[in-house]
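Order-wise, the sequence lines are chains G and Y. The first sequence begins at 1 in this note's numbering and counts up one residue at a time. The second sequence begins at 1 in this note's numbering and counts up one residue at a time.
Treat the hints as calculated values from the structure; they're not laboratory data. Watch out, some of these pointers could steer you wrong.
Listed below are several chain Y residues computed to face chain G (Cβ distance under 10 angstroms; list not exhaustive) [claimed, not checked]:
hint	residue
1	Gly57
2	Ser83
3	Ile85
4	Arg87
5	Leu103
6	Lys114
7	Leu115
8	Val118
9	Ser119
10	Thr163
11	Ala166
Even for Gly, the Cβ is constructed at its ideal location relative to N, Cα and C.
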Amino acid sequence: MTLGKMAWRNLWRRKRRTLITAFSIGFGVMLSVTFTGTGDYGYTNMINAGATMGLGHVTIEPRGYNQTPALDKRLLKAEQIREHVLTMPGVSDAIVRIMGQAMFASASKTVGGMFMAIDPAQDSAEQNLLLRSLVQGQLFPSADGRGVVVGTKMAEKLNLRIGKKLVYTTTDISGEIVSEIARVVGIFETGVNEVDGAMVLLPINSARATLHYDTQDATLVAVIINDQRRAERVRDEIAAAVGNPQREVLTWKQTQAELAGIIIMDKGGNYILQLLIGLLIAAGILNTLLMSVLERKREFGVMMAVGMSPATLFRLVLVESFWLALIGLVVGIVITTPWYAYLHYVGLDFSGAVGEDYSAGGVLVDPLFKIRLYKESITAILAGVFGLTLLSGVYPAWRAGRIPPVDSLKVI
Amino acid sequence: MTHQSIVRLEDATKVYQQGKVEVRAVDGLSLSIGKGDFAALCGPSGSGKTTVLNLIGGLDVPTNGRVLLENQDLATLTRSQVSAIRRDRLGFVFQAYNLIPVLTAYENAEFVLKLQGVSEQECRDRVMGILREVGLEDLENRRPDEMSGGQQQRVAIARAIVTRPAIVLADEPTANVDSTTADALLNLMQRLNQDYGGTFLFSTHDHRVMDRARRLIRLRDGKIETDEVRH
Numbered sequence: 001m002t003l004g005k006m007a008w009r010n011l012w013r014r015k016r017r018t019l020i021t022a023f024s025i026g027f028g029v030m031l032s033v034t035f036t037g038t039g040d041y042g043y044t045n046m047i048n049a050g051a052t053m054g055l056g057h058v059t060i061e062p063r064g065y066n067q068t069p070a071l072d073k074r075l076l077k078a079e080q081i082r083e084h085v086l087t088m089p090g091v092s093d094a095i096v097r098i099m100g101q102a103m104f105a106s107a108s109k110t111v112g113g114m115f116m117a118i119d120p121a122q123d124s125a126e127q128n129l130l131l132r133s134l135v136q137g138q139l140f141p142s143a144d145g146r147g148v149v150v151g152t153k154m155a156e157k158l159n160l161r162i163g164k165k166l167v168y169t170t171t172d173i174s175g176e177i178v179s180e181i182a183r184v185v186g187i188f189e190t191g192v193n194e195v196d197g198a199m200v201l202l203p204i205n206s207a208r209a210t211l212h213y214d215t216q217d218a219t220l221v222a223v224i225i226n227d228q229r230r231a232e233r234v235r236d237e238i239a240a241a242v243g244n245p246q247r248e249v250l251t252w253k254q255t256q257a258e259l260a261g262i263i264i265m266d267k268g269g270n271y272i273l274q275l276l277i278g279l280l281i282a283a284g285i286l287n288t289l290l291m292s293v294l295e296r297k298r299e300f301g302v303m304m305a306v307g308m309s310p311a312t313l314f315r316l317v318l319v320e321s322f323w324l325a326l327i328g329l330v331v332g333i334v335i336t337t338p339w340y341a342y343l344h345y346v347g348l349d350f351s352g353a354v355g356e357d358y359s360a361g362g363v364l365v366d367p368l369f370k371i372r373l374y375k376e377s378i379t380a381i382l383a384g385v386f387g388l389t390l391l392s393g394v395y396p397a398w399r400a401g402r403i404p405p406v407d408s409l410k411v412i
Numbered sequence: 001m002t003h004q005s006i007v008r009l010e011d012a013t014k015v016y017q018q019g020k021v022e023v024r025a026v027d028g029l030s031l032s033i034g035k036g037d038f039a040a041l042c043g044p045s046g047s048g049k050t051t052v053l054n055l056i057g058g059l060d061v062p063t064n065g066r067v068l069l070e071n072q073d074l075a076t077l078t079r080s081q082v083s084a085i086r087r088d089r090l091g092f093v094f095q096a097y098n099l100i101p102v103l104t105a106y107e108n109a110e111f112v113l114k115l116q117g118v119s120e121q122e123c124r125d126r127v128m129g130i131l132r133e134v135g136l137e138d139l140e141n142r143r144p145d146e147m148s149g150g151q152q153q154r155v156a157i158a159r160a161i162v163t164r165p166a167i168v169l170a171d172e173p174t175a176n177v178d179s180t181t182a183d184a185l186l187n188l189m190q191r192l193n194q195d196y197g198g199t200f201l202f203s204t205h206d207h208r209v210m211d212r213a214r215r216l217i218r219l220r221d222g223k224i225e226t227d228e229v230r231h
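Just chain G, with the same shape it has in the complex:
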């Protein structure tokens, strides 16, 4: 009879209690999967959506541009860098862009805003939120020409429609004020007011000509990667491959600090909530195990009287909590799998409550509540719940080992 076998049988002496405890552990798994899954899904979506708003998961740009963006800071040979980066592992796309500030004027009004100069041959709706949010007209067909795409809010402010003229004024490579006339060919609506009211898409070659940039130059290369969790590693690899003192390679956490801050805060709150739930469940498990120890005081006294050492008794109770943890995890997996499958594949639609265009940190948030779990999250949840249950068994196990046999036996 091994300790494991004995502990297993001990656990089933009170089937109902063991099952209730196992279900509470399983419920803990379910809650943890829900909270962590919400994070894994939601953060990934936010990060990916953020990456398609211009800067990518990883951005290659002139040194200092992130702190003080100015059009006199150029990324030389940006097209060449893009070609190289596209061959690197983990990179799914790389897009050369020029981003800068400008004044936009129509016949009636002038507003300040941002422009993003792109090459339609490189950019796609998949990698650019503005392109997949086109609601009127179309994208200019090439990197040349005078076509522009504006947001709905800016169109409203400047009283613009498809075919109307727009003048943009900015500073060129030498800091001189330059202006260019363009014609609205498309209107987009992302649902984020800051974007729809301030952002304008320009053809990159026309912008280069206006800014007196060389045909290879831009302000950044936005790199889209396969897995946002690898952003730091890909950044380091890119920096090693194409970095030089005039360039820097940054992740979305550096270029979109506001979004990163929101995610960190949300994650922190999520962890605290999970910890509190975990502690509540652990208290229940501790109570169960302690009760089961105290009601077996006499039995433990007998075991010690016949020669079981306190250390072995400690191990016995710990093995009981090991089995309990294992049963709890199995129950957890069984009850969580259908719940996870529903939330992963179907999800809960909250658009009625928060609207279709709910945004956080300047990034659109999907009102459809879905969850997903990364492998490392699954491992962390299983290990966390398992560890917490084992930990809950330590005090009862210690108490068992401290029971004086003479007190528990009363008479031998």
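We have chain G; now place chain Y onto it with these hints.
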């Protein structure tokens, strides 16, 4: 009484505090139990029988004096060392059987051997042998709640003697069984004493036990009143 001493109590005293009252359960008692003894401690309730067994079993420590088991002073040993002595050198038989409810008869008898780390095959041989001795070879797979009181006490005896301990301490072993079973159990223990030279020390009120004991130690107020050796 034989000459080779297994257990010695030297001027042992055990004082309990019951509220504000001091109770002298054992009062300056000196006693020696020899190898092969079949001895019984008797006396009225509160005379100190159980306390003496607790002291010898290392389940309790004397307030004063010494308890020596095979010349080792139990008070000088750590908890783990005392556990090891109980595992290797002592056998216990309890009034209420005190078998481990989740284990079968075989596993209960095997329990201490497993703690000693005896190999599977040797465990099997020794446990089956002892279960045959106590007449339970057919009930090896029964759990305590599937056995009668007498059968459980036989398993308890098997558990106590399977390790060939230096001494078996038996607290009122016949108190919870009928007279036929009590006689059978006593026959069994007497046979084990005679055939294998096992040392037995009982605490008892039962005249059947006292009648069969070769040494009868009467206690009163924690002291030895008489110590009678019979032949």
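Legend entry - Violated constraints from the hint list, given by number and in increasing order: 8, 9, 11
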